[in-house]
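Fit chain B to the known structure of chain A by using the hints.
Number of protein chains: 2
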Amino acid sequence: MDKRPIGVLDSGVGGLTVVRELMRQLPHEEVIYIGDSARAPYGPRPARQILEYTWQLVNFLLSKDVKMIVIACNTATAVALEEIKKEIDVPILGVILPGSRAAIKSTKTDKVGVIGTKMTIESDSYRKVINLKSPKIEVYSLACPRFVPLVESNEVNSSLAKKVIYESLQELTGKVDTLVLGCTHYPLLRPIIQNVMGTGVKLIDSGAETVSDISMLLDYFQINGIESETLNHKFYTTANVQSFKEIADTWLNQDVEVEHVDL
Amino acid sequence: MDKRPIGVLDSGVGGLTVVRELMRQLPHEEVIYIGDSARAPYGPRPARQILEYTWQLVNFLLSKDVKMIVIACNTATAVALEEIKKEIDVPILGVILPGSRAAIKSTKTDKVGVIGTKMTIESDSYRKVINLKSPKIEVYSLACPRFVPLVESNEVNSSLAKKVIYESLQELTGKVDTLVLGCTHYPLLRPIIQNVMGTGVKLIDSGAETVSDISMLLDYFQINGIESETLNHKFYTTANVQSFKEIADTWLNQDVEVEHVDL
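Just so you know, the protein sequences line up as chains A and B, in that order.
Residue 132 in full-length UniProt numbering is what sits at position 132 of the first sequence, and the numbering runs on without skipping anything.
Residue 201 in full-length UniProt numbering is what sits at position 201 of the second sequence, and the numbering runs on without skipping anything.
With the rest of the complex left out, here is chain A (with noise of 0.2 Å):
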């Protein structure tokens, strides 16, 4: 037992996605999260750039004392974790593994596409990841580079969101029978992929997945929280609170303490 917090990080908005699942499957969780909104998207930088960006993520939630960390962030998970997992004596886990399990599972006709971000698509890791315990599976990588953006201005229901992942998505209709939404912003756009892709096609929430990860890893580690505990679930930005905030209220259907903090 351990009533500590899960530290979750993300280049800005989109871990919220893992930590409304978080909250869901367990609920005697409390959260420390920390989303790099001011530096986001991370996908378009160097990978030197971002290693030093998620340390320095990590290193703020070392600071207050979390029981575990969740690389909440495709990119990261592809540039930074085997490094950082590496060195600090936290258990630490990133999104790319369970998505990819759940990819291979789901497939039925050994078709699957990925789309993330520039850095994510280039690192190669799902398809890597895929392919080794799976080598039969074709997998179709896309990188969609303007999603991140609409999600960081909260235009998810707009018009331009529309446009922008018809056209993003057209190479990728009709080839496969599941899509890994490999990047934490993506489910936030769910309807209007699942609405390009069609019904038929089975999305794979990457940062869901990651919550049976996490479950599992508390078991193992013997770090579960504890039920009485009252929860003060906290929430960090490097950018504006206000916007971070009106996204992290409506997604996670509650109103959430969020700071400013500079790194």
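These are computed hints drawn from the structure, not numbers from a lab.
Treat the hints with care, as some may be off.
As the list makes no split between identical chains, a pair holds if one copy fits it or if it spans any two.
Think about it this way: if two alpha-carbon atoms lie no more than 20 Å apart in a straight line, the pair counts; the simulated SDA-like pairs of lysine to any residue are [claimed, not checked]:
hint	residue 1	residue 2
1	K108	L26
2	K128	L217
3	K136	N224
4	K175	W251
For chain B alone, kept in the frame of chain A given last:
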């Protein structure tokens, strides 16, 4: 990547139900199995002795250079997992947590039955874990000390088995919508148990559920097996090789290599 085998231990042949599922879900993993049939069942033995025997099995597997250990025995998990986990360097896991999570996920009526050996039921491990995560679930626990001897003597389809199972489960029928097979021997009796409980009751095979955790930990510790390697699964028993081999060949549907070992 790590081509060393996964070690699986059990008081006898019950852990083969975990191995079958492991081979299906993780076909690149080599298995070393040790079954202590000479001293089965562990259920009625004192805790001190179960701990001592489990240590012997663990040390045997460690001497074979395994990369992970699975305690595929509920009794040994209940008594020995926590203590042994503190002392050894390779990841080790048991069957109770995965079975408990699956039961919580399955029940609609919040009424869950757990059957196991005398020691597993007396340890109250399933109830503790289930209620820690979900306090509202009512757990009905029942020791079935006559089940393991049926399996170890390969009487899984006999009329004696039907009679024993029918009599034993009377006090659970109609009370639960989910029944945890809290002993890895019990899946070998599954058809009869399902028949007695009724088709509306979901049977949870703790051993099979454990394979998801094994898969997750292989990812977490980055010790997945390698596809191209030839696998030489190896089975050891402390009792008669021929009896073990008969059950193993049938259950695993292959010709397995079995060797006798004295501990």
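Comparing the hints with the structure gives:
no.: 1; hint: K108 / L26; result: between (30 Å within a copy, 18 Å between copies)
no.: 2; hint: K128 / L217; result: between (23 Å within a copy, 18 Å between copies)
no.: 3; hint: K136 / N224; result: between (38 Å within a copy, 18 Å between copies)
no.: 4; hint: K175 / W251; result: neither (31 Å within a copy, 39 Å between copies)
In terms of the numbered hints stated before, the structure departs from hint 4 and from no other.
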